[in-house]
Amino acid sequence: MIKATINNVEIEAPEGTSILWAAKKAGFTIPTLCNHPDLKPGGQCGICVVEIEGIPGLKRACMTPVGEGFKVKTHTPRIMATRRQLVELILSNHDTDCLTCVKNNNCELQQLASIVGINVHDYSRSGERLPIDRSSVSIVRDPNKCILCGRCIQVCSNVQTVDALAVNHRGFDTVITTAFDAGLGNSVCINCGQCVVHCPVGALYEKSATEEVWEALHDPDKFVVVQEAPAVRVMLGEEFGMPTGSLVSGKMHAALRRLGFDAVLETNFTADLTIMEEGTELIDRLTSGRNLPLITSCSPGWIKFMETYFHDMIPHMSTAKSPQQMFGALAKTYYAEVKGIDPGKIVSVSIMPCTAKKFECQRPEMNASGYQDVDYVLTTREIGRMMREAGLDVKEMPDEPPDDILGDYTGAATIFGATGGVMEAAVRSAYRLVTGKELENVEIKPVRGLQGIKEAEIDIDGTRVKVAVAHSCGQARKLLNKVQDQIAKEGKSEYQFIEVMACPGGCVGGGGQSWGSNMAKRARRGESLYEEDRSLPLRRSHENPSVLALYEKFLEKPNSEKAHKLLHTHYYKRSTVDGKIKPAS
Amino acid sequence: MSQEKQCQCAEVQEEELYPRLEEVITEHRGKGQDLIMVLHKAQNLFGYLPRKAQEMVAEGLNVSLNEVYGVITFYNFFSTVPQGRNSVKVCLGTACYVRGSQEVLDKAQKELGIKVGGTTEDRRYSLDVVRCIGACGLAPAMLVNEDVYGRVKSPHLPDILAKYE
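These protein sequence lines map, in sequence, to chains V and U.
Its first residue numbered 266, the first sequence is counted upward by one per residue in my numbering.
Its first residue numbered 828, the second sequence is counted upward by one per residue in my numbering.
Check each hint, because a few of them may be wrong.
[Said to hold, decoys possible] Take a look, some chain U residues computed to stay more than 12 Å from chain V by CB distance: (1) Glu850; (2) Glu886; (3) Val895; (4) Lys916; (5) Arg951; (6) Arg978; (7) Ile987.
[Claimed, not checked] Partner residues are not named here, just some residues of chain U that face chain V (Cβ under 8 Å, in silico): (8) Glu882; (9) Asn893; (10) Gly897; (11) Thr900; (12) Phe904.
It is worth saying that the hints were derived from the structure and are not from the lab.
Backbone N, C-alpha and C define an ideal beta-carbon position, used for all residues, glycine too.
Given only the sequences and the hints, what does the whole structure look like? Please build it.
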């Protein structure tokens, strides 16, 4: 332990602790801009400077480990003046149209300007205005708001290993862009939106669909259905000031109904359905021994990543569509049929913790119903904005159930939102499919939690199945490299089943979550999903009565021809240059 | 007509250079740390760094395309546009700057219809800035190829440029 003094407070901290964290321990929050709890400190912004007695100059608290006997000052007149000047310089090159900015009230630069006491603006805006990059269907990038802190690059390159963004050009012309400045939509970007949730300002945000959804809601000729992803029920409360991870399933249904949706349905319903399809696929693969390990396909960011960097693994991918797309295909076929609605009049909206879902719903093959299966995807932040605009407060809502036909769900579906959840849900049902018996203890703890790669061996009535779970594309890359290696050397992998989610923490850490996220919050949301699972009477997907009814009345059985037509998909090879589909050779 | 022919000729030559780039890359395959060296060699081959060359280097050295692009756009030495037959360099060193070389540069950009770092469509001129060429006594100064021009005023530019085919 190291002893030091921060201002007038003596502290002890483990060796290697940065002054920033040591000061926090002493009760002083040193302002920062580029620092993020989940990323390595980069020292780009220089806001966190401190004085250390006996050491000349100012030191960056995020990059400087606290040393034995250090006497640190965090807010001398010199430090405060320096911080103020740094913020002024950043503002001199930043669009300060805060009122109309998507980050208004959630912007770290805005907060910082207030903390360091900027009350006059001495520098006029320098540099020319740059074009806003709207080439991506998921993410908008406004370089005029970018402060070059580099968080987006760190998460894109180090955590996700996608490398879509980098610092390009030089000096005043420095800009964070894609290769050839081609725009995110013409790059290897997988639309995961981790850059969006790590951006301290309004330089990155989702491409909004709220206007289109308002229009549909106000159109009396349209029948607007809505589905909500598992993770949204533990995020939406945060948009209304509730504690992180508050479980608001019932309040969410009530608020959506009040917003004017004609039917409030559930992505959780199709999560259960995904398990029936994917579970059956798993059994088939285990029986035939072909194309093992089976790899999950729910995460559209992961799908594009795989298509770009691991397309030799396409035969291993589950062909099951994601729950969002299964819902889309059923809403305009089965649901329309049962309810006697013209599918052409149905507008299908989904509420997602995800920005990549916007890309997924626009993939050309996602029109099994004869229409675009899912019309609009809204992130949790967008639906929060719409609810606030309509004067709805989720906190104040009663608990209401979803509507029928595509609304029931089990605990197995709800845990899809946390890393390891799909795996756990699949095992619960695969056990029954293989053995005809129910798995007694449904909680498969080794696949839970935030460890990068999780492994478990599951005994299905004598058959041992080795599974692995990866969250974040960086971890997926590691795991898949290992699998490729094993297949090349030994002809097969040690794993039979692999779950991959593109975002750290799974969907609860998606690019469509509330602003100001970190790993601790992601973990808290995940725990809430497991809580809902425990509270539900049914916890196995194959027990969902509406799923059983769907098979009986419409699909016949899992992996039937009709199920294949509506609920399964195929994948493409993509270029590592621009992320576009490569023509089949 | 003759210009068109020349352009095609340049493209044909460029195509023939890729196998040689491939040889360079083979020597450094998978070695990301050699990136700048390989880019130097590639630029020596082509005279600039065409997009296809950047893609080949990224793949061959196993670095992301964006890293390659970041390095190329950071260092002044690298160019992503072909160089013109004549290189026009306006000095923006302190002495030249205070004697009005910015005005000369603005005029050059207007006259040639390109920005700093650009090449005219007919590949006749490339325009760049330099920071002091040791001709401060002649400020503002500019270079066309090896020729130094001193005390340049913007109205002189069309005549100077016209000398170079």
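Exercise. With 8 Å as the cut and Cβ atoms as the points, is Asn893(U) at the interface with chain V?
Worked result: Status holds, d = 4 Å.
Exercise. Does Arg978(U) really sit off the interface, with its C-beta more than 12 Å from all C-beta atoms of chain V?
Worked result: holds, 29 Å
For this session: Would you assess whether Lys916(U), listed as outside the interface, keeps its beta-carbon beyond 12 Å of every beta-carbon in chain V?
Result: About 18 Å separates Lys916(U) from the closest Cβ of chain V, which puts it past 12 Å; holds.
Problem set entry | Consistency of the no-contact label for Arg951(U), given chain V and a CB cut of 12 Å | The assertion about Arg951(U) holds, with a minimum of 25 Å to chain V.
Exercise. Should the hint that Thr900(U) touches chain V count as held when the rule is a Cβ pair under 8 Å?
Worked result: holds, 5 Å
Exercise. Does the claim that Val895(U) lies outside the interface with chain V hold up, using a Cβ gap greater than 12 Å?
Worked result: violated, 7 Å
Exercise. Do the numbers back the hint for Gly897(U), that is, is its least Cβ distance to chain V under 8 Å?
Worked result: holds, 4 Å
Problem set entry | Hinted contact Glu882(U) with chain V - closest CB pair below 8 Å | holds, 5 Å
Exercise. Checking the smallest CB distance to chain V, is Glu886(U) really beyond 12 Å?
Worked result: Per Cβ check, Glu886(U) is inside 12 Å of chain V; nearest 7 Å; violated.
Exercise. Does the claim that Ile987(U) lies outside the interface with chain V hold up, using a Cβ gap greater than 12 Å?
Worked result: holds, 28 Å
Exercise. Does the claim that Glu850(U) lies outside the interface with chain V hold up, using a Cβ gap greater than 12 Å?
Worked result: Correct as stated: the minimum Cβ-Cβ distance to chain V is 22 Å, above 12 Å.
For this session: Hold the hint about Phe904(U) up to the distance rule: shortest CB distance to chain V must be less than 8 Å.
Result: violated, 12 Å
Taken one by one, the earlier hints fail for this structure at numbers 2, 3, 12, listed in ascending order.
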